[in-house]
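As you go down the protein sequences, you meet chains A and B in turn.
The first sequence begins at 10 in the numbering used here and counts up one residue at a time.
The second sequence begins at 20 in the numbering used here and counts up one residue at a time.
Honestly, the hints are just simulated from the structure, not real lab data.
Taking lysine to aspartate or glutamate pairs in the EDC-like style, the calculated list, with each CA pair at most 16 Å apart, reads:
#, chain 1, residue 1, chain 2, residue 2
1, A, LYS53, B, GLU478
2, B, LYS179, B, ASP131
3, A, LYS53, B, ASP427
4, B, LYS479, A, GLU48
5, A, LYS53, B, GLU267
6, A, LYS185, A, ASP161
7, B, LYS517, B, GLU344
As a plain string of letters, each chain reads:
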Amino acid sequence: MTGRLMWLVAVILTLRPGGAPGGATIEGTWNFVPAMSTEIATWKGRLPEIVIAASGSRVSVIQNWLERGRVAYSDTSLFAPGGAPVGTVIRSVEWPDNWFMGVLSSPGSERTVSGSWQAPGNDLRVITVQPVVTSQGKTTVTTTREYVLGGDGNSLTLTEHRSSRPTPVVLVFERKEAKR
Amino acid sequence: MKLPLLLALVTIPYIGAAAPGPSDHFMMSLPENWEITGSLPANAMLISLQGVANIDAPRLYFLYPPKWDFNFCGPLLAYYKSSRGMQFTELRTPAEALDSLARYAKGYVVWDRHVRTSLIVAFTAAGINRAIVVTDDLIPLAESHGLRKAEDFRGMFEGKTDAQIYEWAFAKYWPSCNHDYLIYMGGEGGTVMKPGIADFGIHHGCFFTDASTNPKDTLEYAFAKKVFGAMQPLGIVLGWHSYAKDLEAQQVTLASGYGLRVEGLHTLPNMSFNQQIPLTNGFHYRNRHNVKPGVHIAPGKKVYIACIQTDCLGLGAWTKPGRGEIPYAWEVTMNWSWLAPAMLQYFYDMATPNDYFIGSLSGPGYMYPKAIPPRLLPAVIDTAYAMMKTLDLNVFEIMDHAAYWTSDGVDDDVPQDVMDAYFRGMPDVLGIVNGYRPAHTFAVRDGKPFVSYDYYLGEKRDSAEAVADLRELAALNPARPYYLLMHVRQWSDIRRVKGILEKLGPEFEVVPLDVFLSMAAAEPTFRTSYGAPLH
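Chain A with its partners taken away, still in its complex shape (with noise of 0.2 Å):
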């Protein structure tokens, strides 16, 4: 599965050289296409959904997990594209990734998201560096994730790269608007 994912990556990136037409960007809200996906356990099969935005200097990237349609849980970075990284506090318990491991969010700790674009309004490096909370205790992950999209304008894929996973997880999106 992994094989034909990063394929998908390859095929995806050889496509776009000048861009995605008629000037389409990362912006826009994003849905999961499982089948192009690495398999991910959620709670409930709680469905990711992505919602990125620019305004000014800064970046939005919204990642709600959708149950039935509905938004039963929502994790949002905001940052400066090149700036330093911006500190929140943690509010919930929750570890949305993976719920087969034994990992929970640590509230009350801070987490730290910074970020840089990889082609201006098109790819996007994000790296959050937050505790989690295992058996043994508190630990660190570093989370880097990179959006990158499509060359036709309607997918975006994501790679992301835990610290402390062997594999990276890549997840397909499609453009929300592009369903029509």
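Given the structure of chain A, go ahead and fit chain B onto it with the hints provided.
Just chain B now, with coordinates in the frame of chain A:
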């Protein structure tokens, strides 16, 4: 039945009714179709016939179809033949079944195929009247075998809600029903019903329902509370909640609140037969222990994994390829020791040295400790512990989803006082394990560890991702030894699990659960942590 007598049943070996002669055992294969418009009417009639025909001896046994939840009917039948010398005459049609066994019925109850719930009420009426259940098209067949109408529900329940129907049935039948057992005829909804447990309910004259235990279904919820409240303490709710109405966690929480134990599923087969097959002479339940009492095992600097298959013996992997190839712990459905002793003996007799049994689940049956009233918890633990002694079990398992639908998925933990109650009531256990999903309660009490699941291996989890999950857990828990307790869903066959574990590398070692707990007691590396009380 009063509590002392119920407790006595737990501790006194079941003697069983006098077995009939070889020619009196019958077996029959049931088809896959359980639709109201398909084979359900005939299947329901046959299962009700089983309930009355087995009234005083084990006469009728069914082979359920391949997709049935419980997949041991064939192997268990073979075991009965080989271990007990039982011989069976095969019945091929409903008419043949009635030819051989209708004489044990006193009549028939007609259910209304336009009102599905009427079948659930008909099962109750069948137990009270010692009758079989039929749809109108089966009446001639029943009458041709000398049976007369006992009840007729055609048209009676049209336009009525399930709450109204169950209230009517409760008023009419409850005073005559068994108050130790309640049958939850849930599971599939709509046009399908799989009433595998109905024979047992009819046999014992039980009340049947599938009333919703979702508080939002106010009328059915109120009814469920009424019937739970009318049962004997530590009574048993056999069957399962309705997939169409409520959640497993809601039903078990509500039942636990009345000190009742749930014994799944609605598809549990042949219990009116199995309950009457005694243990073989001189048999004692013997577990496959790997740790000698008082001997501590020193761990190395490794990641130790112990696998537990949950969700009841007989569901899933026991009969699938690979059993015995790696150490595996199995939840024992402890009430089978007196509900179906020979059936449980089958599992003990078939166990390999790598199959290790543990007591479950939170009590003498499926319960949620946070929902059990504190005044009842000691009796619950005592009863479970007595069964563990009988079954040679020295590890117990707790699961609690009493806040499942309100906690957003982080509720598998137990508070300190609950954990301490179990250790107090089970002084000789080697350890206690906890959870279903990954949980976060860890402690050591008097040298005995309380360890929660750190990983849930779903049956559909991509194998490569499962390997990455386990390696990631090992990275997130850097101290060695690291104790990684893994819950394997019952539908994962062991060969698949073995394939995943073999990819982990030499730092990982799969060990028997009792060895795992012994090492965890000797050198715990987990952080002491407790859950919060139920609000």
